[in-house]
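Participant: Here the structure of chain Y is known, so what remains is to put chain U in place on it, guided by the hints.
These protein sequence lines map, in sequence, to chains Y and U.
Residue numbers for the first sequence, in this note's numbering: 1 to 318.
Residue numbers for the second sequence, in this note's numbering: 1 to 318.
Hints are not guaranteed to be accurate.
Any copy, or any two copies together, can satisfy a pair, since identical chains are not distinguished.
[Said to hold, decoys possible] Straight-line distance between alpha carbons at most 20 Å, and here's what the computed SDA-like set of lysine to any residue pairs gives:
no., residue 1, residue 2
1, K261, A79
2, K148, P237
3, K261, F234
4, K261, L157
5, K261, T188
6, K148, A295
7, K148, F234
8, K261, E221
9, K261, G235
10, K261, I233
11, K261, S163
12, K261, M1
13, K261, R224
14, K261, F227
15, K261, E77
16, K261, E90
17, K148, T283
If you are wondering where the hints come from, they were derived from the structure by calculation, not from laboratory data.
2 protein chains.
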Amino acid sequence: MPSPYLLDVDTGIDDALAVAWMATHPEVDLVAATSIFGNVNTRQAARNTCDLLALLGRGDVPVAAGPDAAMGRRLGEDAAFVHGVNGIGEVELPRAGRDPEADLTAAEMIVRKAREHEGELHIVAVGPLTNLGLALQLEPELPRLVGKVTTMGGNVLVPGTNSARLDANTANDIDAAALVYAADWDITMVGLDVTMRNVLHAEQRARLESDGNRAVSSIGEMLRFYFGFYETIFGSPQCALHDPLAAAIATGDIVPTVAPKLPTFVDVSDGPEQGSTVVDARTMWRGFDIEPEDANVRVVLECGEDFGALLTERLLEV
Amino acid sequence: MPSPYLLDVDTGIDDALAVAWMATHPEVDLVAATSIFGNVNTRQAARNTCDLLALLGRGDVPVAAGPDAAMGRRLGEDAAFVHGVNGIGEVELPRAGRDPEADLTAAEMIVRKAREHEGELHIVAVGPLTNLGLALQLEPELPRLVGKVTTMGGNVLVPGTNSARLDANTANDIDAAALVYAADWDITMVGLDVTMRNVLHAEQRARLESDGNRAVSSIGEMLRFYFGFYETIFGSPQCALHDPLAAAIATGDIVPTVAPKLPTFVDVSDGPEQGSTVVDARTMWRGFDIEPEDANVRVVLECGEDFGALLTERLLEV
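Extracted from the complex, chain Y is given alone in its bound form (with noise of 0.2 Å):
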């Protein structure tokens, strides 16, 4: 029987990737998609998400729309120049047919959700941590109601995206991604060292292009957009897999091989490193099964490499 999913998205490229992975995973039950700013505006990401679900068969899953603003310091912006100014590589999707919920934010639909789902609900978040921040805000109970947290950011043993230290979805909302890490519940980080080290190739990139499901192939051109930025990542043709390494850390597809819980938390300090995620690693020396005392965070260090080709294959089956 599925289990019940929401997904937070700033769609954006591998966003998409992971509305893709969760729409039509078999033990998926999408409950919801929310919304936000990051990669886009806010609009922006919960039109491409109606349009991708739409597209994907899925416009029967509700999606709900954050606001346009973070909730605290916010020292990223918004990213055209790797995922295009409409936020999808400037591939034009055909229209859903619908707008996000008209009279529910996104916050209030991650609580009803929880609320709908007590205990079962598992939260995958994989752009800034804004609507989880102000769901938080608007019910202290949430963390008692949700099942499972999973975000997508911050990196450990591995150098930030938009500084030494500070990846982009903390960087995007600061405050907000405190207070998340902060809160008492069963949460996962999903960040750089293993996002950065599953990448696509370009081989899997034409082969999703190529598709005959209109779905894939829009993802797959799609891709070109984010592959030209990660070119000047890598030096060579290939794109990080952010998103949907998290969506599929969170369904059980790819299972961590080193994911320690330990003492984490987000400098939300005016330091030049402001808003990275500070995580306390210092066991690995002896071994990440001795679990700090004040270990608050999942945090995924390793996973393998071989999520790409995995992806690749599930995409093609839809």
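Facilitator: Below, chain U alone, put in the same frame as chain Y:
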């Protein structure tokens, strides 16, 4: 012909290994040693350095002591639990019969030797960077006068020692370290990325302790204490080789395999990771052969893991 080196130490058990390495190296002209607080107070560090040099037959090397306080903020403290109350694992060395220079501070010694060996002196600073910071204040032309600087400190793709990101040497004088890494000279940082991965094993320590040379056997005995601490870190009988590895990289016996020049500074803010060295290693995904425009410090990230064997062999030849 041996090259001129100056060794700055807070002796300290691993410092003792660095002293032995430098003082007995056929290609090293050890023109002076300077001492600073850190593992132990400055007076004791100077005494240990004098005593050890004498025992090594190098009573000729001048020793100058620095102050017993940081230039700036100090987050660390003396580390009797790591190095013993006397800094050398409670081992009693024969007294050297001499004290450090009475009328020359460590900073003055550094400036004097830099002038005497203009453009040639290689300073190896394996303790808190107070003496080097003070020397920079005393002689603003120091970067031009000095040939090279090698420090032990910092961490990039591994955790800190004192906190998630903070290493002990930098912690002990944050503002001095900030000056040293900001100075315009040829500087190499040997940090925890390599010093935690180059260890001495129990049977290597035992061989040192049973050696016929009194200096070497004393160091082997000191290392018992150090092993006691490091067993709590590694969970097995071995110890990190921080200071001697920095020395061996400075002398060219260990050649780093990955040591890019990267943008590097010390976090002097009041943030949670105050005092940590911030190294921007984002080029790692593309390849460290690309040098960022604002790169200022060569940072050793990999150098193999066999230094324990080389160190043991060399010490047994003393």
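Participant: Decide, hint by hint, whether the structure agrees.
Facilitator: Taking the hints in turn, this is what the structure says about them:
1. K261 to A79: Cα proximity of K261 and A79: none, with 31 Å in one copy and 28 Å across.
2. K148 to P237: neither (35 Å within a copy, 39 Å between copies)
3. K261 to F234: Classified as between: cross-chain Cα gap 19 Å, same-chain 30 Å, threshold 20 Å.
4. K261 to L157: both (15 Å within a copy, 19 Å between copies)
5. K261 to T188: For K261 and T188, the Cα distance is within 20 Å only inside one copy (8 Å; across copies 34 Å).
6. K148 to A295: Within. Shortest intra-copy distance 16 Å satisfies the 20 Å Cα cut-off; inter-copy 42 Å does not.
7. K148 to F234: Result: close neither inside a copy nor across copies, 33 Å intra and 32 Å inter.
8. K261 to E221: Result: close neither inside a copy nor across copies, 38 Å intra and 38 Å inter.
9. K261 to G235: between (33 Å within a copy, 19 Å between copies)
10. K261 to I233: So K261 and I233 pass the 20 Å test across copies only (18 Å; inside, 30 Å).
11. K261 to S163: So K261 and S163 pass the 20 Å test across copies only (16 Å; inside, 25 Å).
12. K261 to M1: Close neither inside one copy (28 Å) nor across copies (54 Å); limit 20 Å.
13. K261 to R224: Close neither inside one copy (36 Å) nor across copies (32 Å); limit 20 Å.
14. K261 to F227: The answer is neither: 33 Å in one copy and 27 Å across copies each exceed 20 Å.
15. K261 to E77: Neither: 30 Å inside a copy, 29 Å across copies.
16. K261 to E90: Neither: 39 Å inside a chain and 38 Å across chains, both beyond 20 Å.
17. K148 to T283: Close neither inside one copy (25 Å) nor across copies (34 Å); limit 20 Å.
Violated hints for the displayed structure, listed by number in ascending order: 1, 2, 7, 8, 12, 13, 14, 15, 16, 17.
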